[in-house]
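Given the structure of chain A, go ahead and fit chain B onto it with the hints provided.
Protein chains: 2
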Amino acid sequence: MKIIELHESVTASNDRDADEIRKKMKEQGVLLINLMSSPGSGKTVLLSATIQALKDKYKIGVMEADIESDVDARHIEALGAESIQVHTDGMCHMDAGMTEEALHNMKEKNDVIFLENVGNLICPAEFDTGAGKNVMILSVPEGDDKPLKYPLMFQKSDVLIISKIDTMTYFDFNLERCQKYARELNPDIAIFPLSAKTEEGMAEWTDWLESTLKEWRK
Amino acid sequence: MKIIELHESVTASNDRDADEIRKKMKEQGVLLINLMSSPGSGKTVLLSATIQALKDKYKIGVMEADIESDVDARHIEALGAESIQVHTDGMCHMDAGMTEEALHNMKEKNDVIFLENVGNLICPAEFDTGAGKNVMILSVPEGDDKPLKYPLMFQKSDVLIISKIDTMTYFDFNLERCQKYARELNPDIAIFPLSAKTEEGMAEWTDWLESTLKEWRK
Chain A
419 MKIIELHESV TASNDRDADE IRKKMKEQGV LLINLMSSPG SGKTVLLSAT
469 IQALKDKYKI GVMEADIESD VDARHIEALG AESIQVHTDG MCHMDAGMTE
519 EALHNMKEKN DVIFLENVGN LICPAEFDTG AGKNVMILSV PEGDDKPLKY
569 PLMFQKSDVL IISKIDTMTY FDFNLERCQK YARELNPDIA IFPLSAKTEE
619 GMAEWTDWLE STLKEWRK
Chain B
419 MKIIELHESV TASNDRDADE IRKKMKEQGV LLINLMSSPG SGKTVLLSAT
469 IQALKDKYKI GVMEADIESD VDARHIEALG AESIQVHTDG MCHMDAGMTE
519 EALHNMKEKN DVIFLENVGN LICPAEFDTG AGKNVMILSV PEGDDKPLKY
569 PLMFQKSDVL IISKIDTMTY FDFNLERCQK YARELNPDIA IFPLSAKTEE
619 GMAEWTDWLE STLKEWRK
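Chains as they are written, first to last, in the working numbering: chain A, 419 to 636; chain B, 419 to 636.
It should be emphasised that the hints constitute simulated quantities derived from the structure, not laboratory data. It cannot be assumed that every hint is accurate.
[Stated by the list, open to error] If we take Cβ atoms under 7 Å as the criterion, some of the chain A residues that face chain B in the derived model are:
1) Asp437
2) Gly458
3) Leu472
4) Glu486
5) Ser487
6) Cys510
7) Asn538
8) Cys541
9) Gly561
Quick reminder that beta carbons are idealized off the backbone N, C-alpha and C, glycines included.
Bound-form chain A, shown alone (with noise of 0.2 Å):
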């Protein structure tokens, strides 16, 4: 397993980059989607839930942005899956610069690579990584009062991952409302309760990549 350090792009044109980045994955098929959330929502085991489920059809790869550490890429070669860690030198987000560097060093002929960006709510969703998609996970135990914290995170995801519903009764979360204040801020985004423990609402999560990338490739 590769452990690559990056720095941040000295680019100032990260929005131009990212549209390049975009249309090379979608000349090669290859869909590309950006992983967005807190610390400890979910983002491993979700996607080990993910691969679990789609390997037979697809090849899925991950980039595993992190300050440090390589725990998470680890657990996901484990699964056969091609992993790679991405250090960020202290950085709390991946740009598109960093993004393509990370693409360079994935080896294998990939339908979809995934990239876990670092855990936070706020920095990642300023860069355009050049993603086809974005989708960020907010988790049971985080609160149902997130979108009126973190705005622009919740207007820069195509999907919404509610994650841990399986804790839903031990936490003050209501569904409902946590819905509403999303759709407030992105009257498009797509919603998916789930929880990868129980593997409720995980076959919803699973039909929407596949008819994504579907869609990607036409």
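Chain B alone, transformed into the frame defined by chain A:
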């Protein structure tokens, strides 16, 4: 309740400014505590429980730093504590200049002032705010591996509060392992596992707060 719009300090001398704030607060006998965590780890709930426990003995003020919204500040204000909302103009952390500006807007004679920093485990660790003590919260649902992923936050904190321990049976969280990881990074860190909901462990935390305030005023 005030809402203050802040912008990053232009000064490159953040550390010097922070030392000046610390000196001034010590002269005034006011303990400023920089409270850091991920979104949804329970900062506001912990502050509410702390204010409830100590309000007959001490005046506690709260400066809530957020990118947007004022939900937390309104919640604290309802407890009768002085509370101001600080907006960080999209910034993912507070620095010393921003903290000083916020402090100027606190009008009561508080014994302890909490700065509830912007919710993430990365950027706030990089900037000295001038606080007398740095306290971080890690909630059980976030997972026991977080010291491996966000080492700087654990290194910079005087106290680690492990919150939501009433949910321990629900999550795969190994308290001993988490404490071991944290102490490897920071042998001096004081660790308080607690639940603001059941009040388990709360007395150890408020005892620490009281004795630290006494020490601060010597």
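Outcome of the hint check:
no., hint, verdict
1, Asp437, "23 Å, violated"
2, Gly458, "3 Å, holds"
3, Leu472, "24 Å, violated"
4, Glu486, "6 Å, holds"
5, Ser487, "5 Å, holds"
6, Cys510, "4 Å, holds"
7, Asn538, "4 Å, holds"
8, Cys541, "5 Å, holds"
9, Gly561, "5 Å, holds"
Hint compliance for this structure: hints 1, 3 are not met, and every other hint is.
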